[in-house]
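Undergrad: Chain by chain, the residues:
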Amino acid sequence: MNMLAFAVAAWIFCVGVYGAIVSRNLIHLALCLTVTQSSTYVLLLAIGYKHHAGAPIFKGVKLGTPAVDPVVQSLTLTDIVVSVTVIALVLALALDVHEESGTIDPDELTGMSG
Amino acid sequence: MSWALPLPVAIPLLAAALLVVIDHVTSRRVHAAIAIAATAAATGFSVLVLVAAEGHVVLHWFGGWHPGGGVALGIAFAADPLGAGMAALAGVLSLFALVYSWTYMREESGSFDVLVLTFTGAMAGFALTGDIFNMFVWFELMGVSAYALAGFKVRELGPLQGAVNFAITNTLAAYMILTGIALLYARTGALNLAQIGRDLAGHPPDRLVVVSLTLLFAGLLVKAAIVPFHFWLADAHASAPAPVCVLFSGVMVELGIFFVARLYWTVFEGPLHVHAVPMRDVLVGLGVLTMLVGAFMCFLQRHLKRLLAYSTIAHAGLMLAGIALLDPKSLAGVADLVAAHAFLKGGLFLACGLVLRQLRHIDELRLRGLGRQTPATGVLWFAGAVGLLGVPYVGSFAGHALIDDGGIAGGYGWLPTVAMVATAVCSGAMLRAGARVFLGWGAADDPILSDEPEEKAPAREASVRLMTGVTALMIALGLIASVVPGLVQRTETGAQRFADRAAYTARVLHGTPVPLPPRPPVIVESSTAASLEYGVGALLVALAVAALGLWHGRLPRAVGARAGRFLGPPVAILRAGHSGIVGDYLLWITAGTVVIGGVWAFTLAQS
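Going down the list, the protein sequences come from chains R and G. Each residue of the first sequence is one higher than the last, beginning at 1 in our numbering. Each residue of the second sequence is one higher than the last, beginning at 1001 in our numbering.
Any given hint could be a false lead.
Said to hold, decoys possible - Far from chain G, by Cβ distances over 10 Å, these chain R residues were calculated:
{"id": "1", "residue": "A7"}
{"id": "2", "residue": "V8"}
{"id": "3", "residue": "A9"}
{"id": "4", "residue": "V15"}
{"id": "5", "residue": "A20"}
{"id": "6", "residue": "I47"}
{"id": "7", "residue": "H51"}
{"id": "8", "residue": "G54"}
{"id": "9", "residue": "P56"}
{"id": "10", "residue": "I57"}
{"id": "11", "residue": "G60"}
{"id": "12", "residue": "G64"}
{"id": "13", "residue": "Q73"}
{"id": "14", "residue": "M112"}
{"id": "15", "residue": "G114"}
Unchecked claim - To spell it out: a stretch of chain G is covered by chain R in this simulated footprint if at least three of its residues, at any positions, have a beta carbon under 8 Å from a beta carbon of chain R; those stretches are:
{"id": "16", "region": "1148-1158"}
{"id": "17", "region": "1169-1175"}
{"id": "18", "region": "1310-1323"}
Said to hold, decoys possible - For the chain G half of the interface with chain R, some residues (derived, Cβ under 7 Å), not all of them:
{"id": "19", "residue": "H1066"}
{"id": "20", "residue": "V1164"}
{"id": "21", "residue": "D1235"}
{"id": "22", "residue": "E1454"}
{"id": "23", "residue": "T1590"}
{"id": "24", "residue": "G1592"}
Since the hints were derived computationally from the structure, they do not count as laboratory data. For glycine and all other residues, C-beta sits at the position ideal for the given N, C-alpha and C.
Using the sequences plus the hints, can you model the full thing?
TA: Written out as C-alpha cells, the structure reads:
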C-alpha cells in the first residue's frame, strides 16, 4: 500500500519533467512544473501517513491516540507557499516574453545559443 | 553571540519590507541609502558571528525550541567559520553591488534594492542554516529574488530569456532537492542536519540513501553550474545587470558548492566514508569536465559578460573538484579560492558595467580599439584577469596551491595540470578580449567567436568615478587575498572544524562545548615548489592562449587547416549543446542526474 504512494509520486515527478522537456509553450511548461511539484506533496503526505490514525489535532483527544505526522503536513504547506511564488514569477516572465517577442514557444527563443 | 545569528537574515528582509511600504513616499536616493545601511549592518553582524564561530559553533534555536535528549524538534541556525564566512561574503558583495548601483541603476525602479536585499538575506540564511528543510526554503527564496534580478530589464528580450531559463532549470532543481529531503525524513524522522547524520551513521548506505544523495547533490549542482547542469548560468549572467552578476558569480554559485560540502560532512559522511572512493571519483570527474567545458566555451565568446560567465563555470568546476577530494586541507583551499574569486570576478563584471557605460557596447569585436580612451578600466580588466590565474602570491594563488597539493596527496596527480590549463585558458580569453578592446590589437573579425545580442547601455548620468572606485577596490581586495597574513591558516582551522562531524553533532544536539583550537599564527606561509611552478605555468599558457586568440589568422595555412579539422567537430558539438532552449537544458539535467545516480547505485549502495 505504502509502495503504491511512492510509485505514484515517482510517476507524477517523471510525467511533469517529461512534459516540461517537450513543452512548446511557456505557460504549459510552468504548469508541468506544478505537476512535478505535486509529486512532492504525494511523497511527503505518504511518508507521514499512518493506518487508522486521525488528523494531528490533539485538543480534547485522549493522550496516546495515534495521529498522522504533522511535520510533513506543514512541510507540504510551506512547499505550496514557496512554489506558488516561483510559478507566479515564471508566468509573469512568460507574459513579458510574449509582449516583447510575440511568442511563448521556448524553442523559438534561441537568441542566447553558443 | 547566539542573539546576533538571525540578524544577517532578518535585517535585509525587514529592510526590504520597509522599502516596499515606503515605495511611493520617498525618493530613489533614500531607498538606496536604506538598502546600503541595512546591508552594511547585516554584514557587520555576519562578521561578528564569524569571529565568535572561530571559537565554537554558534547556535540559535528559533522560538527557544532547544533539543532535548539529542532530539531536535526546533529549527536551528548553526554557524561555523566557513558558513559565517559565506554569509559575510554575501553581505560584502551586496554592499559593493548596491554602492555601484547608486548611479548605475538609477533609471530603474526602487524594486531593484528590494530584490537585492531579499537576495542577500536568503543567501545568508542558506549559509547559516543547520536544518535541511530550512535550507530548501532559503534555496527557493534565493532563487526567486535571483530570477527577478536576472530578468530585471523586462523591456529587453535577452534578460527575459536568461531569466526564464534560469528560473525553470533551478525550479526543477528545487523539487529534486525537496524529494531528497523527504526521503531522508522518511528514513530518519529528522530535519536537523546533525540529527540526520547521526541517525544515518553506522548503517551501510542503502538504495534510499543513495537516491536522496543523488537528488540532493544534483539539485545543488544545478545552482553550482556544474556540467551538465550549467547551461542556465551563461544565459542568466550575460543578460543580468553587471552589479547583479557580481552576486551571481561571486557567491550564489559558490553557495551551491558550499552546501554540497555541508551535506557531505554533516549528513552523508557517516554512511559513506568507508565507500567514499566512487563518490570522490564521480565528483572529481564532474569538476574536471566542468573546468574543461567552461574554459573551452569561455574562449569562444565575444560578449564580455558571457565570457566571464563561462570562466565562472570553469572555476566552479575547480571548486567542486577541491571539495570532492574530501580532505579538510583542500576544503580550505576552496574557501580561499571562493574569497579571491568573488572579488576578482565581481570586479571584472563591474568593469564590464564600466565598459558598457563608457563605450556603449559589450561585444569584444565591436569594441576593438575603442577602449584606448578608457585606460583605467583597461588596467582593472587586466589586473582581474591576471589575479584569477593563480600566479604565485597574487589573487587566487593560495586556493589553487592548497587544492593542487590536495590533489597530488589524494592520488589525482594530474588534477593540478588540468586546473592550470583550464584557468589559463579562461584568463587567456580575458587577456585576449582586453588586448583587443583596450589596446586595439588583433584581427578586426574572428569567425570562431559566437555572436550574441547586445545589452542596452545605462544612462550617461551614471558616475564613472564612483563605478571605477568600487571596481578598483574590489579588484585590489581580490589581488591581495593570497597574502593576507593568517587568512590561509584561519581557513584551514575553519575547514578542519567544518569536517569534524562528531564535534558538530555533539555541539548542535547536546550543546557540548568544542575544545578551542590553538590560535592560528598570523603569517603568510611559503607554498610548495610544485604550486609555484603551476602558477608560473598558468601565466605562460594564458599569454600563449591570448596571442593565439588575437593572431590565429596569421598562422601558416596548413597549420590552421589542420587545427580547424581537429578542433572543428568538438566546437560544433559544444555550440550545438548550448542551444539556448530550456527544454534541452531540462533534458541534460535529467540525464545527468540519472547517470550519476546510476553510477552511485551500482558502486555505493550496499543492499
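Undergrad: The structure should be examined with respect to each hint, and the outcome stated for every one.
TA: The hints, checked one at a time:
Even its closest Cβ contact with chain G, about 14 Å, leaves R:A7 beyond 10 Å, as expected for a residue assigned away from the interface. Remark: the non-interface label on R:V8 is consistent with the geometry, its nearest Cβ contact in chain G lying 13 Å away (cut-off 10 Å). Chain G draws R:A9 into its interface by the beta-carbon criterion, the shortest separation being 8 Å against a cut-off of 10 Å. The non-interface label for R:V15 is consistent with chain G: the shortest C-beta to C-beta separation is roughly 12 Å, beyond 10 Å.
Consistency note on R:A20: stated as away from chain G, yet its beta-carbon is not over 10 Å from all of that chain's, at 5 Å minimum. For R:I47, the non-interface assignment is contradicted: its Cβ lies about 4 Å from the closest Cβ of chain G, within the 10 Å cut-off. The non-interface label for R:H51 is consistent with chain G: the shortest C-beta to C-beta separation is roughly 16 Å, beyond 10 Å. With a least CB separation of 19 Å from chain G, R:G54 remains clear of the 10 Å interface cut-off, as annotated.
At roughly 14 Å from the closest C-beta of chain G, the C-beta of R:P56 stays outside 10 Å, upholding its exclusion from the interface. Every CB of chain G lies more than 10 Å from the CB of R:I57, the least distance being 18 Å, so the non-interface label holds. With a closest Cβ-Cβ approach of about 23 Å to chain G, R:G60 is found to remain outside the 10 Å limit, as its non-interface label requires. Look at R:G64: its CB is around 18 Å from the nearest CB on chain G, clear of 10 Å, so calling it non-interface holds up.
Distance check for R:Q73 against chain G: the nearest CB is about 12 Å away, which clears 10 Å, and the non-interface claim stands. For R:M112, the condition that its CB be more than 10 Å from all CB atoms of chain G is violated, with the nearest at approximately 4 Å. A beta-carbon of chain G is positioned within 10 Å of the beta-carbon of R:G114; the least distance is around 4 Å. Residues of the region 1148-1158 of chain G with a Cβ under 8 Å from some Cβ of chain R number 7, which satisfies the need for three, so the listed coverage holds.
A stretch counts as covered by a chain when three or more of its residues have a beta carbon under 8 Å from one of that chain; for the region 1169-1175 of chain G and chain R the count is 4, and the coverage holds. Restraint check on the region 1310-1323 of chain G versus chain R: 0 residues with Cβ-Cβ distances below 8 Å, three needed, restraint violated. Annotation: interface hint on G:H1066 violated; nearest CB of chain R at approximately 18 Å, more than 7 Å. Checking G:V1164 against chain R by beta carbon gives a least distance of about 5 Å; that is within 7 Å, so the hint holds.
At its closest, the beta carbon of G:D1235 sits 5 Å from a beta carbon of chain R; the interface hint therefore holds under the 7 Å criterion. For G:E1454, the shortest C-beta to C-beta distance to chain R is roughly 11 Å, which exceeds 7 Å, and the interface hint is violated. Taken as an interface hint, G:T1590 checks out: its beta carbon lies about 6 Å from the nearest beta carbon of chain R, inside 7 Å. For G:G1592, the suggested interface contact is broken, since its CB lies about 13 Å from the closest CB of chain R, more than 7 Å.
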